[in-house]
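Undergrad: Sequence:
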Amino acid sequence: MMIPYGYKQTEVGVIPEDWDVRKIGDFTDITAGGTPSTSHPEYWNGEILWMSSGELNNRRIHNVIGRITELGYNNSSTHMIPKNCVLIGLAGQGKTRGTVAVNYVELCTNQSIAAIFPSKEHNSEYLYQNLRSRYAELRELSSGDGGRGGLNLTIIKNFPCAFPKLQEQNRIAEALSDVDGMISSLEKLVAKYKSIKTACLQQMFPQNGETVPRMRLPGFTGAWEQRKLGEMGQTYTGLSGKTKDDFNHGQARFVTYMNVFSNPISNPEMTEPIEIDPKQNEVEVGDVFFTTSSETPKEVGMSSVLLEKRGKTYLNSFCFGFRPSEKIDSYYLAYMLRSESARAKITLLAQGISRYNISKNKVMEIAVSLPSLDEQKMIGQYFCQLDNLITLHQRKLDKTKKIKQGMMQQLLTGKIRLVERETMTDITAEKGNLPKTKTDHNHQFDDAVMIAAIVNSFYSEKYPLGRKKVQKLLYLLRRKQEADTSEFKKKAAGPYADEIRYKGGEPIAKKNGYISATTNTKGTSFSKGKKIDEALSYVEKWKMQSDIDWLVSNFKYVGVNDLELYATIDMAICDLQNEGVEVSVDSVKELIRSNSEWKAKLKKAYFSDTDIAKAINMSYQLYS
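Numbering of the sequence shown is given in our numbering, commencing with residue 82 and proceeding in unit increments.
Don't take each hint at face value.
[As the list claims (entries may be wrong)] Here are the simulated distance ranges between beta carbons:
no.: 1; residue 1: Ser-276; residue 2: Ala-425; range: 18 to 24 Å
no.: 2; residue 1: Lys-104; residue 2: Lys-611; range: 25 to 31 Å
no.: 3; residue 1: Tyr-701; residue 2: Val-95; range: 47 to 53 Å
Keep in mind that the hints were calculated from the coordinates and are not lab data.
Ideal placement from N, C-alpha and C gives every residue a C-beta, glycine not left out.
Let the hints inform the model, and build the full structure from the sequences given.
TA: In structure tokens, the structure reads:
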């Protein structure tokens, strides 16, 4: 391997020439803790913080569960650990051994934790990040055999690490710590939204024996109807008569068991190939799937609603399908069947000892709660948006974790150097190559690229992507990006005549071959152009893929009428807020009524008071 100029080969790999490799024991002290005897209750529940190895998984230690007394401290081998020590798990099954953390409070520990004390020669945060990136390496050094091996103080003392000068350690530590803060915030957001969803699933559907939910969306009154599932549709079986040789090939697809089990709304990506078989039951949009078997009673009869289908599709053998014959909002049905009250009824039907099964006939006897169709739609949209928020932030979290891994690989090996801004400016100036402060594209070219990305993500052969839908999606995306939407204004959110419709970057997208346009009696629709990859490369270069992912996660299955509603109401909200007017259904309607190009919208069925209230709520959720 050729060593790059300015770098050297060491026992920890290739690092910059000005970095040193040092063993931890050469520049700081290391100690392990101890545990007071549990047979002496007077040793416990005191004022001294005492940490067990399981708490290392919290990474950043601001508090611990255990407390010992001064008597317990004096009668054990534990030691007081100052703030900002790097803590390492020495033993423990599972993932604890080799796990590192940093303590921000004084504490003592058990004997399964080693503490590396701070010194003037190293930044504790840098050392923490370095050791965290080498978790697998630490595990391999563990003494003992099998899963019960362990580290010890000698191994830790002799463990080599690469160290730049303290100033660069500080910069690296700061950068990685900032990303950790982002990860922590996203983890809290995901947990928060999941907690909200769990609470709402308990409160927004009537409990057994009740006729109304304990928490209800504004504007709705009256008791809910109780109906048996079997009165509202028919069941059908999944795949039958198949062997393992029939799978993993063919022009048809089938919905997997894990897809049904994991998703209230069926994931169109979680299907697998199979040969076309006219003897099998083909699924349809709006169908509900139920699992028939699981290892625990609580996991039997999990449900999933199909909202998108791609070609001939069947259902796996370990599920059955239910096809409603009455008008029921699919989103409502998806979340109602996952509510606490519905799940309690289904769980009672599970039968078995080591494996639990459920009868589709029994499931059809279950009574479910049904409000009016308008209330169903509002509840369904509410939970759909919650799921979209969870998915969005989970994707951000996963992406940020990947970014962190890449940063650790680059920064902790010196492949990327963190240089003071002044130094970088001096270097570039000397070379006569000062970095540009502005990108070489304009607003309309941005729009052209975004339109291409929208077409790439939303186009399907079965459902043509019309100009109206693209415009609404572009507006909603631009709002998310906080880009200038002044050129859209009322035109993007409503008019239908081509001569006044905002086209923005559409002509550029067509001219550059990013998209292809087809016009017929129904209007203009778009498909992918021959040079769409060029546009997508800009999306990557400008780091806008997360914005496109956000758009897909929120609006993939939203129809054009709803998109028009959301864009119009959001624009109205923006105008009202700019004017200092309180946002309400009435104030939004008055604003729409006062605009000559908009007022006809109020005659449309999907601009009812209920729909406007839903759109206001959604705007706040999306853009708050």
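Undergrad: Take the hints in turn and mark each one as holding or not.
TA: Here is what the structure says about each hint:
1. Our hint of 18 to 24 Å for Ser-276 and Ala-425 holds, since their Cβ atoms are close to 20 Å apart.
2. Taking the beta carbon of each, Lys-104 and Lys-611 are about 59 Å apart, not inside 25 to 31 Å as hinted.
3. Range check, Tyr-701 to Val-95: about 51 Å between beta-carbon atoms, so the 47 to 53 Å window is met.
The structure fails hint 2 only (numbered hints given earlier).
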